[in-house]
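There are 2 protein chains.
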Amino acid sequence: MAMNTRTLCLGILSLKEASGYELKKEIEEGMFRHFIDASFGSIYPALTQMSAEGLLTVRAEEQSGRPDKKVYAITEAGRAALAKGLAVIPARDKYKSEFLFEMLLQHLLNKEQVDLAISKQHADLTEDLGAIMEARAHKGGECNDPGSRFVMGYGECVVRAALGFLEAQCPWLRKNKIKAAE
Amino acid sequence: MAMNTRTLCLGILSLKEASGYELKKEIEEGMFRHFIDASFGSIYPALTQMSAEGLLTVRAEEQSGRPDKKVYAITEAGRAALAKGLAVIPARDKYKSEFLFEMLLQHLLNKEQVDLAISKQHADLTEDLGAIMEARAHKGGECNDPGSRFVMGYGECVVRAALGFLEAQCPWLRKNKIKAAE
DNA sequence: TGATGCATGTAATCCGTTACATGATTCA
DNA sequence: TGAATCATGTAACGGATTACATGCATCA
Chain A
230 MAMNTRTLCL GILSLKEASG YELKKEIEEG MFRHFIDASF GSIYPALTQM
280 SAEGLLTVRA EEQSGRPDKK VYAITEAGRA ALAKGLAVIP ARDKYKSEFL
330 FEMLLQHLLN KEQVDLAISK QHADLTEDLG AIMEARAHKG GECNDPGSRF
380 VMGYGECVVR AALGFLEAQC PWLRKNKIKA AE
Chain V
230 MAMNTRTLCL GILSLKEASG YELKKEIEEG MFRHFIDASF GSIYPALTQM
280 SAEGLLTVRA EEQSGRPDKK VYAITEAGRA ALAKGLAVIP ARDKYKSEFL
330 FEMLLQHLLN KEQVDLAISK QHADLTEDLG AIMEARAHKG GECNDPGSRF
380 VMGYGECVVR AALGFLEAQC PWLRKNKIKA AE
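Taken in order, these protein sequences are the chains called A and V.
Mind the numbering: the first sequence is residues 230 to 411 in this note's numbering, read in order.
Mind the numbering: the second sequence is residues 230 to 411 in this note's numbering, read in order.
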């Protein structure tokens, strides 16, 4: 085992209890978003399975008009399983970039396609950076543990470097930036 | 379509002809290694399939003692397919990091585990950086097209930033570095 | 003599995404 | 009125990894 949907859910549930829907939101919008994904199709079955194995408990919260919200909480067995998962030496980071693939083969593209790809990359990175800065500012209280600070710092540093490279290579990106800020 | 094993193979074969084995090596050791992987289990079937579709031609090179080496070359149809693949707006970069997951949950680990994970990350990044620098120095001729320079520059910049962050957070890494250089 | 590199392939299996199915509430 | 959010789940499908199967050459 190591980093599959199960371990991910256990990890979040070790911080706070949550429903499947809330876990998805946390994964998409929280700290995790920069280095993991997961979809409902993998989260819900993982949760059901882990409850059956005694790693989680479920509590159904009634709601008007909606299906009951199933709030999951981690058990002692769950914490043990998580600890075992974390004890595994982490696998090397995996980075997949269609953007860099396109850049490497840029001689096969025309200038517009290259510029478009670069703009898109720049926009994506800018959005990432924005999310980090907002997390730091907005919920300063929630993110003041050493783990969150480390991860945000790492992310900020890497994203800024990438952005800096793109802007150094393509001066026209800076113009767009100013335009966007107007 | 966009970035699957097929497009990847077409991309490399658009630069030079190669066998499945050589493609794997190129993916593991060349420019691509920083942002893609692929295993034999996906490369060989992709190659067979694309030959059948007329995107590639095969030429068997006899060799003593080994199975014939099957050298694949891209056809016009293959170049067209590749162009179509590249025309798709690239998907957002995907970054998966068990390292950052562990760092985020570092309160569940003891100091040795955290330090080990950080050292490993530092070593991995150092290796990546070394590969980039070596590629630049060693085969200066092969990597002087704009695409390679862009990708190497981007990689170098990001990896150095990550390394810088780790070293700023953990001064003891610098000691190790000096030790390693002795 | 044993590991590593060269060389190709297949099959089982895993893991995950996408799409489907359902349905009320709220906001523009 | 239509889109988005809240809320849970299943099933089909895809894509890739892993392990298996084979076997000679070379280097330490």
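FYI, nobody ran anything at the bench for these hints, they're computed from the structure.
A virtual CB, placed ideally from N, CA and C, is assigned to each residue, including glycine.
Heads up, some of the hints might be wrong.
Claimed, not checked - What the simulated footprint calls covered on chain A by chain V, stretch by stretch (three residues with Cβ under 8 Å from a Cβ of chain V suffice, anywhere in the stretch; the number is not a length):
hint	region
1	254-265
2	282-289
3	310-317
4	320-329
5	344-352
What the hints assert, rightly or not - Listed below are several chain V residues computed to face chain A (Cβ distance under 8 Å; list not exhaustive):
hint	residue
6	299
7	300
8	349
9	374
10	379
11	386
A quick look at each hint next to the structure:
{"no.": "1", "hint": "254-265", "result": "holds (count 5)"}
{"no.": "2", "hint": "282-289", "result": "violated (count 0)"}
{"no.": "3", "hint": "310-317", "result": "holds (count 4)"}
{"no.": "4", "hint": "320-329", "result": "holds (count 10)"}
{"no.": "5", "hint": "344-352", "result": "holds (count 4)"}
{"no.": "6", "hint": "299", "result": "violated (23 Å)"}
{"no.": "7", "hint": "300", "result": "violated (21 Å)"}
{"no.": "8", "hint": "349", "result": "holds (7 Å)"}
{"no.": "9", "hint": "374", "result": "holds (7 Å)"}
{"no.": "10", "hint": "379", "result": "holds (5 Å)"}
{"no.": "11", "hint": "386", "result": "holds (4 Å)"}
Violated hints for the displayed structure, listed by number in ascending order: 2, 6, 7.
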